[in-house]
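Take the given structure of chain A and dock chain B to it, following the hints.
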Amino acid sequence: MWDYTEKTKDHFLNPRNVGFIDDFDGIGEVGSLACGDALKLTFKLDDNKRIADAKFQTFGCASAIASSSALTEIIKGMSLEEAAKVTNEDIADYLGGLPKEKMHCSVMGRDAMEKAIAYYRGEAEKKIEGEIVCECFGVSDVQIERAVRENGLTSIEDVTDYVKAGGGCGNCHDKIQFIIDRVLGNTPRAAKKPEALTNIQKIKMIDATLEREIKPALNQDGGDIELVDVDGNRVLVKLRGTCASCSKSQITLKHYVENKLKELVSQDLVVEEV
Amino acid sequence: MKPIYMDNNATTRVAPEVVEEMLPYFSDLYGNPSSMHAFGGNVGAKLKAAREHVATLLGAQPDEILFTSCGTESDSTAIHAAIRSHPEKKHIITTRVEHPAVKNLAEHLAKNGYRVTFVPVDRQGRLDLDYLYQKLSDDTAIVSVMWANNETGTIFPVEEIARTVRERGIVFHTDAVQAVGKIPINMAESAIDMLSLSGHKLHAPKGIGVLYIRKGTKFAPFLMGGHQERGRRAGTENTASIIGMGRAAQLAMACMQDENTRVRTLRDKLETELLKRVPCSMINGDPENRLPNTTSIAFEFIEGEGILLLMDQYGICASSGSACTSGSLEPSHVLRAMGVPFTAAHGSIRYSLSIYNTEEEVDFVIDKMPPIIQRLRQMSPFWKEGRIA
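Quick note, the sequences are listed as chains A and B, same order. For any residue, its number in our numbering is found by taking its place in the first sequence, counting from 1, and adding 21. For any residue, its number in our numbering is found by taking its place in the second sequence, counting from 1, and adding 661.
Isolated chain B, as found in the complex:
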């Protein structure tokens, strides 16, 4: 059974063009880019090109691009760099809906001498900006706000926040893992100081991330050792993956239009039809400012794991915000922060599309979902044809 993959905010298919570009660097072209011989040096030249491609995607300069091992490393590097560059400052601002890569680090720092402000969101998942601005102080070392939320697709006004934060002389970082490649980004005209992205969310392989660091931003390395990445991130370069990341950046540029037209239309069709065909269902997140590929739909009175397993019978891949799928006993911290009622949070399914999805696939999912929901609801003690039992 060919999977119908609608879980692209979890990870994406590596683009065939990317695989093709990478393969020689696993076999014949294994040289170390730091070597003095041409065999290694040629790889170095290829890395330089890859760095330029990523810079172009972000509207940045190549020397503002730092390759890391993943989005999480980029986030950790950025936040640690900021607090170690400003050791006298003991306050951090982030949000209640960050990815665990930022959230759990912030919670860890909160237990180790830092004051951390977690900015709340409203029922649509929109940030309370006034609250954020009120909390800015001379003691604030860094403000870290994700560009777009991985669970709901809600886009946050990070450019605006970055400008206000900059006026106060405070470092601003954004986890843009879900945003890059889906919405236009131009660091040349931005006030954002640091930005994280992850390769495997935009059709590059797992194990490669990028941290953009604006020229002039105070920085302290996380990994120390060799001179790689101009001493900002030691360790022999993951050559094949960096080259793959470069190719993926080129493709992302080329596909952004498709992402915002065709993929958006597919997402809208999926969402509209499911809401129409399944009673007691609703969208989680801000319908206005949202990634073009993501929809999180709450199917009330049932539990997400069962939905996913029944979808799996048809090869349909998606995610859930339910407790049973999160590995903990409580539903998604994002949905809880938004105040999504338990009746809906447990049965929330996130569909995240990519350029590889087709209209046939969307139609198939639209066809299969209503009976799945109906089947589980008929088992649920809380369901009585649209009313709470």
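Pulled out of the complex, with its shape left as it was, chain A reads as follows:
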């Protein structure tokens, strides 16, 4: 059972502002049935351009409903400039905190608010910015980076709790870690990159990097890699992934290996599967 605060329970059992404003000024919809939670937010402005009324419809767990209820209470009476500054942390704080695993519910509230304001301002619905990192839940690198930055997240588990990324097949964990490292300013392990490598040097370094850096990580997830040949800058490998349910696993694996080799051996390397 989740450890919800009394206030969260209250906002679940007695949600404020459930419904839909027919003559809304702004509307924001986030989430989907497949993802397990979704929120439709509408608001109406008064003559002073302040939020006179806000209503929500939510499909989701108790904390998703409570977060939506809290959001509508917070933004009522605010100007849009003020409402735009409401963070997911504000929503969680309003409820006296949310279980860590449920923080994504508060992020959903914040996202719906942003969309609703964008609708009012006539801004074209933003396409998902950046590149999708988590295929299972459709989360982009931009969303992950923002969650990490705004909430001071330090682990993949944190990222999953806040934006769900990494909570499915797990193939994107390395990419998420990469984003966390980048935001936190962790420099990748220093690697010597000599100006020009002889073929022998190059092969030795590739082999050493595979053994030291890549194999252990793949082994952890049940995968493995074998160096077949090096032809110029083409690194020919055999890969064995284990997340058979995810068609992206092979591609992810290839990218991961290639990035590592580029980082630690030479920028010019290209990985090919044989």
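Hints are computed from structural coordinates only; laboratory data are not their basis. A hint or two may mislead.
Within a straight-line C-alpha distance of at most 27 Å, the following computed DSS-like cross-link-like pairs (lysine-lysine) qualify [what the hints assert, rightly or not]:
1. A:Lys136 with B:Lys1045
2. B:Lys1029 with A:Lys28
3. A:Lys281 with B:Lys772
Just a few of them, taken from the derived set where beta-carbon distance is under 7 Å, the chain B residues facing chain A [as the list claims (entries may be wrong)]:
4. Glu964
5. Glu966
6. Gly967
7. Leu970
8. Cys978
9. Phe1003
10. Thr1004
11. His1007
12. Met1040
13. Ser1041
14. Pro1042
These stretches of chain A come out as covered by chain B in the derived footprint (C-beta under 8 Å, 3 or more residues) [claimed, not checked]:
15. 34-43
16. 46-60
Don't be surprised by glycine CBs; every beta carbon is placed ideally from N, CA and C.
Coordinates of chain B only, in the frame set by chain A:
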């Protein structure tokens, strides 16, 4: 508030008769059954009787009964015994809808040198038997198929599978944790080699499990140490719980009829009335071959956690296959394997009854559920009086 407990596939109430039988072995009768003195030896005699009661329930011989600490240990012991007895075989067959006790072990083995076949199920949760039989090979070390599914109650034809598997000389194990006590089992006329059961699913306490091992089945112990359980499972016996398990086995024999008549009728009433009173609801699982106590009902367009918490306001205890209650972000692997659409999987509630449920309780739940579902649907952006918004 007295709980209305309809979550018996999660765990059951320890029968008062079982508690009574166990209590002396926590206080006065604390002897070690392995001791040479009569004080310990008397406990040993009691364990022998308990073993006989469990054997009777399964139609087995007492020396085919191994006491463990839980259903999970029984499953792990069985599968490890099979693969260690046949080290040259590197293939395992199981299903996509197993309990995590088998599923996660199989996935672990898949990462450690084993080929694992996960047999799929259809929309009703029925196994694709042809697929299973096609995958049998000389490399197969063990086939493990649950007797009945914990989430939907679907009963699998394990006796038939066991016969086919035996013809190929392959070990067959079944996780019968949900089946024992609810459907008749007779190992004397079965081809099943190993069978797991769990005490706390049939009114014995938590912390006691049983592994049935057919005489002649190759075995390798999981826990090594002392000579207990004839060297097949070391560790001083959990005396009170084994004695409780024995009593629970006797009770299960006596109550099986009630389980299949009165409890079944209560389950059917609950199910029929809820489907009638709540629009856009449906049963998950095979309505034909199902445990008498279980029904999994999908209430579309809402999420299970909210349903459970509102039920909790009335003291009604059940389970959900939703993501938010599973501790992960994805809904139940069983419902997903069956291809239950997301609209329904997230709002699936499992009611599992026991002999302790009454008709008044069922009526109370039938009365309380429709407004709960209605209340959450009115909040849902996907709900518009029976249509997707």
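Are there three or more residues in the segment 34-43 of chain A whose C-beta lies within less than 8 Å of some C-beta in chain B? holds (count 3)
Assess, step by step, whether the Cα of Lys281 (chain A) is no farther than 27 Å from the Cα of Lys772 (chain B), and give holds or violated. holds, 23 Å
**Prompt:** Close enough to count: is the Cβ of Gly967 (chain B) nearer than 7 Å to one in chain A?
**Reply:** holds, 5 Å
**Report entry** chain A contact restraint for Glu966 (chain B) - C-beta distance below 7 Å
**Finding:** holds, 4 Å
Check your understanding: Is it true that the CA of Lys1029 (chain B) sits at most 27 Å from the CA of Lys28 (chain A)?
Key -> This hinted pair holds, its Cα atoms lying about 24 Å apart.
> Does Phe1003 (chain B) pass the interface check with chain A, least Cβ-Cβ distance below 7 Å?
Replying inline: holds, 5 Å
Q. With a cut-off of 7 Å, does the beta carbon of Thr1004 (chain B) approach a beta carbon of chain A closely enough for the hint to hold?
A. Cβ of Thr1004 (chain B) sits 5 Å from chain A, so the hint holds.
Review point. For the segment 46-60 of chain A, does the count of residues with a C-beta closer than 8 Å to a C-beta of chain B reach 3?
Key: As far as the segment 46-60 of chain A goes, the hint holds, because 7 residues have Cβ atoms under 8 Å from chain B.
query = Given His1007 (chain B) was flagged as interface, is its beta-carbon under 7 Å from a beta-carbon of chain A?
reply = Status holds, d = 5 Å.
**Report entry** Restraint outcome when Cys978 (chain B) is required to lie within 7 Å of chain A by C-beta distance
**Finding:** Status violated, d = 11 Å.
Verify the interface restraint on Leu970 (chain B): the C-beta must sit less than 7 Å from at least one C-beta of chain A. The hint holds - Leu970 (chain B) has a Cβ within 7 Å of chain A, the shortest such distance being about 5 Å.
Next item in the hint list is Met1040 (chain B). Is there a CB on chain A closer than 7 Å to its CB? holds, 5 Å
The structure is inconsistent with hint 8 alone, although it conforms to all the rest.
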